[in-house]
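**Student:** In case you want the letters, here they are:
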Amino acid sequence: MTFWKRFSSNRGAVIGLILLIAVILIALLAPVIYPGGPWKMVQRPFLVPFTTDGFPLGTDTLGRDVTAGLVHGARVSLLVGLVSTLMALLIGVPLGALAGFYGGYVDEGAMRFTEFFQTIPNFALAIVLVAILQPTLGSITLAIAIVSWPPVARLVRAEVMSLKRREFVEAAHLAGLSNMRILVSEVLPNAVSPIIVMASLMVATAILLESSLSFLGLGDPNIMSWGYMIGAARTVIRSAWWLSFFPGVAILITVLALNLIGEGLNDAFNPHLRKGRT
Amino acid sequence: MKFLKTTTFLIAAGLAQPLIAQEAGGRLDIVVQPEPPSLMLGLVQNGPTQLVAGDIYESLLRYNTDLEPQPSLAKSWEVSEDGLTYTFQLQEGVTWHDGEPFTAEDVVFSADVFLRETHARLRSSLAYVDTIEAPDDTTVVFTLKTPFGPFINAFEVGTMPMIPKHLYEGTDFANNEMNATPIGTGPFKFESWEKGSFIHLVKNEDYYLENKPYLDEIYYRVIPDAASRAVAFETGEVDVLPGGSVENWDVPRLTEMDNTCSTSKGWEFFAPHAWMWLNNREGPTSDVRFRQAVMYAMDRDFVRDVVWNGFGTVATGPVSSKTNFYSDDVTIYDHDPDKARALLDEMGYDGEPVRILPLPYGETWQRWAEAVRQNLQEVGIEVEIDSTDVAGWNEKTAQWDYDMAFTYLYQYGDPALGTSRNYVEAQIEKGSPWNNVEGYRNPELDLKWEAAATSASAEERQELYNEIQKEIVDDVPVAWLLEIEFPTIHNCNVQDLVTTAIGVNDGLRDAWIKQ
Chain A
-13 MTFWKRFSSN RGAVIGLILL IAVILIALLA PVIYPGGPWK MVQRPFLVPF TTDGFPLGTD
47 TLGRDVTAGL VHGARVSLLV GLVSTLMALL IGVPLGALAG FYGGYVDEGA MRFTEFFQTI
107 PNFALAIVLV AILQPTLGSI TLAIAIVSWP PVARLVRAEV MSLKRREFVE AAHLAGLSNM
167 RILVSEVLPN AVSPIIVMAS LMVATAILLE SSLSFLGLGD PNIMSWGYMI GAARTVIRSA
227 WWLSFFPGVA ILITVLALNL IGEGLNDAFN PHLRKGRT
Chain B
-10 MKFLKTTTFL IAAGLAQPLI AQEAGGRLDI VVQPEPPSLM LGLVQNGPTQ LVAGDIYESL
50 LRYNTDLEPQ PSLAKSWEVS EDGLTYTFQL QEGVTWHDGE PFTAEDVVFS ADVFLRETHA
110 RLRSSLAYVD TIEAPDDTTV VFTLKTPFGP FINAFEVGTM PMIPKHLYEG TDFANNEMNA
170 TPIGTGPFKF ESWEKGSFIH LVKNEDYYLE NKPYLDEIYY RVIPDAASRA VAFETGEVDV
230 LPGGSVENWD VPRLTEMDNT CSTSKGWEFF APHAWMWLNN REGPTSDVRF RQAVMYAMDR
290 DFVRDVVWNG FGTVATGPVS SKTNFYSDDV TIYDHDPDKA RALLDEMGYD GEPVRILPLP
350 YGETWQRWAE AVRQNLQEVG IEVEIDSTDV AGWNEKTAQW DYDMAFTYLY QYGDPALGTS
410 RNYVEAQIEK GSPWNNVEGY RNPELDLKWE AAATSASAEE RQELYNEIQK EIVDDVPVAW
470 LLEIEFPTIH NCNVQDLVTT AIGVNDGLRD AWIKQ
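These protein sequence lines map, in sequence, to chains A and B.
Under the working numbering, residues -13 to 264 are what the first sequence spells out, in order.
Under the working numbering, residues -10 to 504 are what the second sequence spells out, in order.
Hints are computed from structural coordinates only; laboratory data are not their basis.
Values in this document were obtained by computation on a predicted structure and should not be read as measured data.
Errors might be hidden in some of the hints.
[Claimed, not checked] Now the stretches of chain B that chain A is said to cover, found in silico as 3 or more residues with beta-carbon under 8 Å:
hint, region
1, 237 to 243
2, 353 to 361
3, 367 to 376
Every residue gets a Cβ at the ideal spot worked out from N, C-alpha and C, and that includes glycine.
All chains should be modelled from the sequences, with the hints used to inform the complete structure.
**Tutor:** This is the structure we're talking about:
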């Protein structure tokens, strides 16, 4: 209860949460609202928004409903964001935890490996991976996960290193618990809050990455996503601004919501920090 | 009174004609997209190379927009009654850009030695040629083994460019260092090439036609992004956008600008013909009813109007209506989803998914694939779009790893040059995206294709091609889509830009700028 209180005292976080829930609801209800799918050519092309009943946001270059595209695109963006973040956590958390807990050669090895990924610019690596693997929803998610785990590993390593010298860990050692048990049941649970905060921001980054890839034409051609909509509208931006504007707004709102939530979670987990700031 | 007005107008127009004299001088900026790999037209014949090299090199003939031969390096020519001997009289006083005289020996060297080795498309026409001889400096005689009707179309600059014998004889053609500084007989000389930026050509002062060319210099500008090319034209930085250099969606906006002209002429010789390869070997596409269903399912008029902005003509069959020997006496496939569904039911289509491979040439082609996918899904065909880059597209079509693949190919004015290669069994061979990629086999038609190519009589050829078109359209070896038109957009001050069937590719010999 106190956690929720602390979270809800941050007004931005609450707004973010409401926005995100709305986006999730829209994504879940997409097949109900637009059962025909987003690709159906339903009206004449280049209908201007707010001029035709039933097509509030107009139609695109082939006469497809922009609203249907946005609604179905929300599914892809959220799915890619969540799944790739989960995958990144699955790689980053164990690696960082082992490196931080055991130190020495393990740490050296794990961190050099992490640096290897960190030295390559995220987006460039993602482009290369998707191009090699052929763009499908799966390969895009995987590529985003592969470029996003290094910061997680770094964060977890730092947390574990500071936690492992605490008294309760020493006590666990004295009590004769195995290293693995100490790491999993004593150390990691105490490192969860920064990981959650980071994860919420990573979802936002992943959505942006997916949109950027689709914008460049490296999206899955069979799946409607916000980035694809903007990329396809780029060539007509001078004559049909709404085709790139509305998907852009959708990305903005979703990413903003996730960032606000991340901020709120951070405040809720670290009440001391917050007092110091305000 | 009205009559009077009309006549005065006519008289005025008649008088005005000679008054509009071509003005000499000026510089022209043209977009070339993408940057050509080389300007040596004897070695490389892709679009951008020919666009630039068409100013530098020439061939014996040019063709007007009705595909009738016109003089170029040959001032006159004669075809014998039996269709076996082609005699060309060359222009006099022609020199190469380095000052050496151009003679009949150069023609013999170019056709018989150089291009026979380097030019696959010409080589298949040269297979019909017995000897090429130069009885004197200005006469060339081609003697054929059998009549070959389309041979008169083989003297276009991209098909048979004249190569200087004195620079290439006895050398390794592909690695000759002169390839970097091409020498031709054309109206413009190669001056410099700033890679990634521009190619600079200057006027050939010693050109054999009096007063020509009119322009002083030409800059072919390399601008990699389509939107930037459109902007370059809007700001006046470039004067000419050759066909296909901006996205279709930009065309209406650009042509509506002041002092902007556009023409869809200049593509009659190439007559780019778009279709989808349908894999005749395996999967649902191996069933002729499925292929017919695809034809009925597609709304090709919609694509023409929406994706191509109304440019182009819906294709009726393998031969373009701009090419010689076209026939419209064939089954017409209108947009008829019910008929498509009926055909699918009849064959018992089980929902096996098919893949569509779009051409990776930009947004237009991507949208086109999406429209086709939607059309096919509406009649119950499961469709997925494969995404790929240019290398991947080449690889997949060359290795037959596709169900339906978009493509477009040139027709070169005659079905025997540009059409039969996609449908005869002898042309089934892995490794090329230009031959019978779909794997269509029809031995009976093969004989007719061959007979039509080697007949000396135009009437007989027409008759054979009519039969071929009628039959093949029912078989739907490929799904014909559109006769593509690429409008050439230019500043209206640029005059006589497109005068032949290959348009700006034929060089800017006649172009001039109204001051």
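**Student:** Would you mind marking each hint as holding or not holding in the structure?
**Tutor:** How the hints compare with the structure:
Against chain A, the region 237 to 243 of chain B contributes 3 residues with a C-beta closer than 8 Å to a partner C-beta. That satisfies the three-residue criterion, and the hint holds. Only when three residues or more bring their CB closer than 8 Å to a CB of chain A does the claim for the region 353 to 361 of chain B stand; here the count is 5, and the claim holds. Restraint check on the region 367 to 376 of chain B versus chain A: 4 residues with Cβ-Cβ distances below 8 Å, three needed, restraint holds.
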